[in-house]
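The sequence shown begins at 811 in this note's numbering and counts up by one.
Keep in mind that the hints were calculated from the coordinates and are not lab data. Any given hint might turn out to be false.
Unchecked claim - Using 27 Å as the maximum straight-line C-alpha spacing, the simulated DSS-like pairs for lysine-lysine come out as follows: (1) K874 x K891; (2) K909 x K924; (3) K885 x K874; (4) K909 x K871; (5) K885 x K871; (6) K909 x K874; (7) K909 x K897; (8) K924 x K885; (9) K891 x K871; (10) K891 x K909; (11) K909 x K885; (12) K897 x K924; (13) K924 x K891; (14) K898 x K909; (15) K898 x K924.
As the list claims (entries may be wrong) - Quick list of simulated restraints, FRET-style, between CB atoms: (16) K885 x V926: 17 to 25 Å; (17) K874 x S900: 33 to 41 Å; (18) M811 x R877: 41 to 49 Å; (19) R870 x D840: 17 to 25 Å; (20) N922 x L844: 28 to 36 Å; (21) T812 x R877: 39 to 47 Å; (22) T894 x R870: 20 to 28 Å; (23) D880 x L907: 32 to 40 Å; (24) V873 x K924: 26 to 34 Å; (25) G830 x N875: 19 to 27 Å.
Using N, Cα and C, we set each Cβ at its ideal position, and we do this for glycine too.
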Amino acid sequence: MTTVGDIQKVKLNEICRFFGPDSTVSEIADMMDLQDIGAVPVVNENNLLMGVVSERDIVRKLVKNGRDSDLVTAKDIMTSKVITVTKKTSQIDAFNLMKSNRIRHLPIVDENQKLVNFISLRDIVDSSQGGKKINFILLGFAVILLPAIFIFN
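Between the sequences and the hints, there should be enough to build the whole structure, so can you do that?
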């Protein structure tokens with residue numbers, strides 16, 4: 811059984827820096843754009859997960875309301891009720907959590923709720939294909955991998 815801990819991914823701090831609750835949305839959006847990522851974790855000074863800021867959060871809570879990204883902080887728009895997994899969570903269970911909760915990112919935390927990594931739906935799908943970058947469409951229980959199909963049960 812493949813676990814999320816088995817998914818080979820660049821360490822989080824090599825992709826983007828951690829964001830604190832007082833980071834501006836402008837800073838977060840710049841990093842997301844620069845690194846081509848769809849969400850970032852928000853942690854406190856002890857690296858404990860506080861929330862997640864996703865593209866969806868930025869659009870729904872900032873852009874839609876005409877707020878200034880230089881004045882709004884992570885704590886103002888982050889999703890604070892975050893679903894997390896551990897390194898031992900199976901790849902299939904992680905996928906099913908994403909599907910049932912309509913999310914595309916999962917923080918991986920340790921037993922103390924410290925953030926250890928952050929995975930996306932694409933990471934899970936790519937790892938199921940031997941690390942190949944592929945295009946996919948999410949439809950119910952099936953992920954259509956162009957040109958192949960991979961079914962998560």
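Taking the hints in turn, this is what the structure says about them:
For the given pair, K874 sits about 21 Å from K891 by alpha-carbon distance, which is consistent with the 27 Å threshold. Distance hint between K909 and K924 is fulfilled; the C-alpha atoms sit about 24 Å from each other, no more than 27 Å. For the proposed pair K885 and K874, the alpha carbon gap of about 17 Å is at most 27 Å, so the pair holds. Proposed proximity of K909 and K871 is supported: the alpha carbons are some 22 Å apart, at most 27 Å.
Taken as a hint, the K885 and K871 pair is honoured in the structure, with Cα atoms around 12 Å apart against an allowance of 27 Å. Restraint check for K909 and K874: satisfied, since their Cα atoms lie roughly 25 Å apart, inside the 27 Å limit. Of the supplied pair hints, the one linking K909 and K897 holds, its CA atoms being roughly 19 Å apart against a limit of 27 Å. Restraint check: the Cα-Cα separation between K924 and K885 comes to about 18 Å, which is no more than 27 Å; the hinted pair holds.
About 16 Å separates the Cα atoms of K891 and K871, which keeps this hinted pair within 27 Å; it holds. Between K891 and K909 the CA atoms are separated by roughly 17 Å; this keeps the pair inside 27 Å, and the hint holds. At roughly 25 Å between alpha-carbon atoms, K909 and K885 fall within 27 Å of each other, so this suggested pair holds. Under the criterion of a C-alpha separation no larger than 27 Å, the hint pairing K897 with K924 is consistent with the structure, at around 12 Å.
Only pairs whose Cα atoms come within 27 Å are accepted, and K924 paired with K891 is accepted, the gap being roughly 15 Å. Taken as a hint, the K898 and K909 pair is honoured in the structure, with Cα atoms around 19 Å apart against an allowance of 27 Å. Distance hint between K898 and K924 is fulfilled; the C-alpha atoms sit about 15 Å from each other, no more than 27 Å. One distance hint, 17 to 25 Å for the beta-carbon pair K885 and V926, holds here, with the actual separation near 22 Å.
Checked against the hint of 33 to 41 Å, the pair K874 and S900 passes, with Cβ atoms roughly 36 Å apart. Taking 41 to 49 Å as the suggested C-beta distance range, the pair M811 and R877 conforms, at roughly 44 Å. Between R870 and D840 the CB atoms are about 19 Å apart, so this pair conforms to the stated range of 17 to 25 Å. For N922 and L844, the Cβ-Cβ distance of about 30 Å falls inside the hinted range of 28 to 36 Å, so the restraint holds.
Separation of T812 from R877 is about 41 Å and conforms to the stated range, judged on CB atoms against 39 to 47 Å. The beta-carbon spacing between T894 and R870, approximately 21 Å, falls within the hinted interval of 20 to 28 Å. Checked against the hint of 32 to 40 Å, the C-beta distance between D880 and L907 comes to roughly 34 Å, which is consistent with it. Distance hint for V873 and K924: a CB-CB separation of about 31 Å, consistent with the stated range 26 to 34 Å.
One distance hint, 19 to 27 Å for the beta-carbon pair G830 and N875, holds here, with the actual separation near 23 Å.
When each numbered hint is compared with the structure, no violation occurs for any of them.
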